[in-house]
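S.K.: The primary structure of each chain is shown beneath.
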Amino acid sequence: MYTEKVMDHFRNPRNMGEIPDADGVGTVGNPVCGDLMTIYIKVKDDRIEDVKFKTFGCGAAVATSSMVTEIAKGKTLEEAMSITRASVAESLGGLPPIKMHCSNLAADALHAAIEDYYKKQKEVKK
Amino acid sequence: MLAQKRVYMDYSAGKPVDPRVIEEILPYMKSFYGNPSSLHTFGQEAKNALEEARAKVAQLINAEKKESIIFTSGATESNNLAIKGVAYRYKDRGTRIVTSSVEHMSVVNTCKFLTTKGFEAIFLPVDNCGIVSLEALKKELTDKTVLVTMVYANGEIGTIEPIREISKIVHAKSAYLHVDATAANGQVPIDVKNDGVDLLSLSSNDMYGPKGVGALYVKEGIRLEPQLHGGGQERGLRSGTENLPGIVGFGKAAEIARVEMQTESERLVKLRDRMIKGMLEPIQYSFLNGHPTKRLPNNVSIRYNFIEGESMLLSLDMMGVAASSGSACTAKTLEPSHVLLAIGLKHEEAHGSLMFSLGKQNTEEDIDYVIGLMPGIVKRLRLMSPLTPKELNK
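Those protein sequences? They're chains Y and Z, same order as listed.
Using our numbering, you'd call the opening residue of the first sequence number 1 and step up by one each time.
Using our numbering, you'd call the opening residue of the second sequence number 1 and step up by one each time.
Quick caveat, the hints were computed from the structure, so don't treat them as lab data.
There may be inaccurate statements among the hints.
Footprint (simulated), chain Y over chain Z, 3 or more residues, beta carbon under 8 Å [as the list claims (entries may be wrong)]:
#1 311 to 321
#2 339 to 352
#3 382 to 393
The list that follows gives simulated cross-link-like pairs (lysine-lysine, DSS-like), each with its CA atoms no further than 30 Å apart [said to hold, decoys possible]:
#4 Z:Lys-346 / Z:Lys-360
#5 Y:Lys-73 / Z:Lys-379
#6 Y:Lys-52 / Y:Lys-5
#7 Z:Lys-117 / Z:Lys-168
#8 Z:Lys-117 / Y:Lys-119
#9 Y:Lys-125 / Y:Lys-44
#10 Z:Lys-66 / Z:Lys-91
#11 Z:Lys-379 / Y:Lys-42
#12 Z:Lys-390 / Y:Lys-120
#13 Y:Lys-42 / Z:Lys-117
#14 Z:Lys-390 / Y:Lys-42
#15 Y:Lys-52 / Z:Lys-91
#16 Z:Lys-117 / Z:Lys-30
For the chain Y half of the interface with chain Z, some residues (derived, Cβ under 10 Å), not all of them [stated by the list, open to error]:
#17 Arg-11
#18 Gly-34
#19 Thr-38
#20 Glu-49
#21 Phe-53
#22 Thr-55
#23 Cys-58
#24 Ala-60
#25 Tyr-118
Remember, predicted model here, so these are calculated numbers, not experimental data.
Built from N, CA and C at the ideal position, the CB exists for glycine as well.
Based on the provided sequences and hints, a complete structural model is requested.
M.R.: Dropping the structure here:
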C-alpha cells in the first residue's frame, strides 16, 4: 500500500518532538477526522534553523510530517512557503489516492507555522 | 525489514481452508465436474454431492430439512436475498424493515437501498456494549413491519445479541426474523428451531471452508422474491450453475465445525481472555470494546487513547503481526466504523481501535508475543502524538 520511502519515514521519523521556545507553531487537522499535526519552527535570519513535528494519525500522516520537516530544514521562509502537499507526496514516492487529501496536511501545518511566525514578528514591531 | 515471526490475527477478514476441506474439494475439480442439473451419470454424481453438502449445512444449524438451505456466493448475497427477497415478496403486507445499528455493511446498505424503493428502514440503537435495545425494538415494531434483520454477533466488537428474546418479540408482532450469523457461525452453536429464526445467513470461509460460498436458510413456508433470474437452480431462488467444489468444501467445513466447535471455542475463549487482560493491564488509557462476556470466542477489540489505529497496524505489521482497525484510514471511506460510533465512542476513540480476531493456528505463545509488543508500540506513537497528556510521556 505504501512506498518504501513512506515506511522508512514512518519507522524512523525525522525531527519528531517539540520546540519549547518555538518562533512559530502551526496545527492543522482534527482528531475527529483521524489526523492532527503540529509543526514547530525556529527561525534565524529568515531561515528555518530548526523544525520539529508532532502527529496523531495514520502512516501517511506521520511520513508526510517527517518528510516536510526534512525538506524545510535550512530553507528560507519564502522557499518553505513554496513547499506544497503535492511536492511532499512526490518526495515520498507517492501516496495512495485516498491519503492525498485526508492525511497529506503537513505542508499546510508548515505554512501555518510560518504564518504564525510572521504574525508574532508584527506584534513585536508594534 | 521483514520480521522473523509471523502471527496472523485477522481471521474474521479471511481464514485458511482446512486441509481436510481441500482434500474433499479436489475430486470435484478433477473428476466430478458434471453439472448437477444434467440427467446423465456425471450430472447425477454432482447432484448427489450437492445434496450431501446441503444436508451437512442444514445439520449444523438444526434446520428442519435440507431443502431449507439455499446456496449462494457468500454472506453478502445471502443478506441481500433475505432482505430484498422478503421485502419485495411481502410488500403488500407492509414496507417497514427494522434492523440494528451494528450490522455488517451488506445489511446496512441493502436496507438503505430499499429506502430508495419505497421502504422504510429503522436502525435500532445499541447500548455501550453493543447489545440492541429490546425496548426500542418493541416500540419500532409496528403492524407495517414485515422483517426484522439482526446480526447474531458483530464481527468487529464481538458482541452476541439476545436472538431468542428478539425472536419472541418479533414473532409476537407476526414479522419475520432474519439473522446474519456470518461472524458467529462455527464459533457459537446455532439452532434455528430453538433460536426462533426464520432466515439465516452463513458463509463458508468463516468456518474454514473456501471463500465465495455461502448459504441462506429459509424456513418452510416463507417465500422470497429471487434476486438472480435464470435457469431456476436452488428452487428458483438463486439461479446459476452451482459452485460445486465450493459447496462440497462448505459442506465438509460445516461437518467439521459441528464436531469440533465446542472444543475449539473453549480454547479460543481462554486465549481471548488472556489477550484482553495482557493488552489492557500494562497500558494506561486502554479499553475493551464490546461486551466482556457475551462475546465471540475469537474477538479481541480494544482501544488506546491519543493514537491512531492504522499507525498501530503498521507498527504491528513491521513485527509480523496481522490485525485490523476501526480507523477510517484503513477503510475505503473516511468515516470510522459505524459500529464503534454506535456503541458511543467518540470519533477519535474509534480511530484508536484495534481488532484482533483469533483462529485455529493461534497459540498462547502468539498471544504473549503480541502482548509483549504492545507497550512499546503505544509508547512510541504516544510520544509522537500532540494529543498525549504530558505526564504520560515521562
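S.K.: Hint by hint, note whether the structure agrees.
M.R.: The hints, checked one at a time:
1. Only residues whose beta carbon comes within less than 8 Å of a beta carbon in chain Y count, and the segment 311 to 321 of chain Z has 3; three or more means the coverage holds.
2. Only residues whose C-beta sits within less than 8 Å of a C-beta in chain Y count toward coverage, and the segment 339 to 352 of chain Z has 4 of them, enough to reach three; the restraint holds.
3. Residues of the segment 382 to 393 of chain Z with a Cβ under 8 Å from some Cβ of chain Y number 5, which satisfies the need for three, so the listed coverage holds.
4. At most 30 Å may separate the alpha-carbon atoms for a hinted pair to count; Lys-346 of chain Z and Lys-360 of chain Z exceed this at roughly 33 Å.
5. Taking the CA atoms of Lys-73 of chain Y and Lys-379 of chain Z, the gap is about 27 Å. The hint holds against a cut of 30 Å.
6. Restraint check for Lys-52 of chain Y and Lys-5 of chain Y: the C-alpha separation of about 19 Å stays at or below 30 Å, so the hint holds.
7. With a C-alpha separation of about 29 Å, the suggested pair Lys-117 of chain Z and Lys-168 of chain Z falls inside the 30 Å cut-off, and the hint holds.
8. Proposed proximity of Lys-117 of chain Z and Lys-119 of chain Y is contradicted: the alpha carbons are some 56 Å apart, above 30 Å.
9. Between the alpha carbons of Lys-125 of chain Y and Lys-44 of chain Y the distance comes to roughly 16 Å, so the proposed pair stays at or under 30 Å and holds.
10. Taking the CA atoms of Lys-66 of chain Z and Lys-91 of chain Z, the gap is near 28 Å; set against the 30 Å cutoff, the hint holds.
11. With a CA separation close to 27 Å, the supplied pair Lys-379 of chain Z and Lys-42 of chain Y stays within the 30 Å bound.
12. The straight-line distance between the Cα atoms of Lys-390 of chain Z and Lys-120 of chain Y is roughly 25 Å, inside the 30 Å bound, and the hint therefore holds.
13. With a C-alpha separation of about 60 Å, the suggested pairing of Lys-42 of chain Y with Lys-117 of chain Z is violated against the 30 Å cut-off.
14. As the CA atoms of Lys-390 of chain Z and Lys-42 of chain Y are separated by approximately 22 Å, the hinted pair is consistent with the 30 Å bound.
15. A C-alpha spacing of about 62 Å is found between Lys-52 of chain Y and Lys-91 of chain Z, which places the hinted pair above 30 Å, so the restraint is violated.
16. Our distance criterion of 30 Å between C-alpha atoms is broken by Lys-117 of chain Z and Lys-30 of chain Z, whose separation comes to about 45 Å.
17. About 7 Å separates the beta-carbon of Arg-11 of chain Y from the nearest beta-carbon of chain Z, less than 10 Å, and the hint is met.
18. Interface hint at Gly-34 of chain Y: satisfied, since its Cβ lies 4 Å from the closest Cβ of chain Z, which is below the 10 Å cut-off.
19. Taken as an interface hint, Thr-38 of chain Y checks out: its beta carbon lies about 5 Å from the nearest beta carbon of chain Z, inside 10 Å.
20. Residue-level restraint check for Glu-49 of chain Y is violated (minimum Cβ-Cβ distance to chain Z is 22 Å; threshold 10 Å).
21. Interface hint at Phe-53 of chain Y: satisfied, since its Cβ lies 8 Å from the closest Cβ of chain Z, which is below the 10 Å cut-off.
22. The interface hint given for Thr-55 of chain Y is met, as the beta carbon of that residue sits about 6 Å from the closest beta carbon of chain Z, less than 10 Å.
23. A least Cβ separation of about 4 Å between Cys-58 of chain Y and chain Z falls short of the 10 Å threshold, and the interface hint therefore holds.
24. At about 8 Å, the closest approach between the beta carbon of Ala-60 of chain Y and any beta carbon in chain Z falls short of 10 Å, and the interface hint on this residue holds.
25. Nearest Cβ of chain Z to the Cβ of Tyr-118 of chain Y: about 22 Å, over the 10 Å cut. The hint is violated.
Hint compliance for this structure: hints 4, 8, 13, 15, 16, 20 and 25 are broken, all remaining hints hold.
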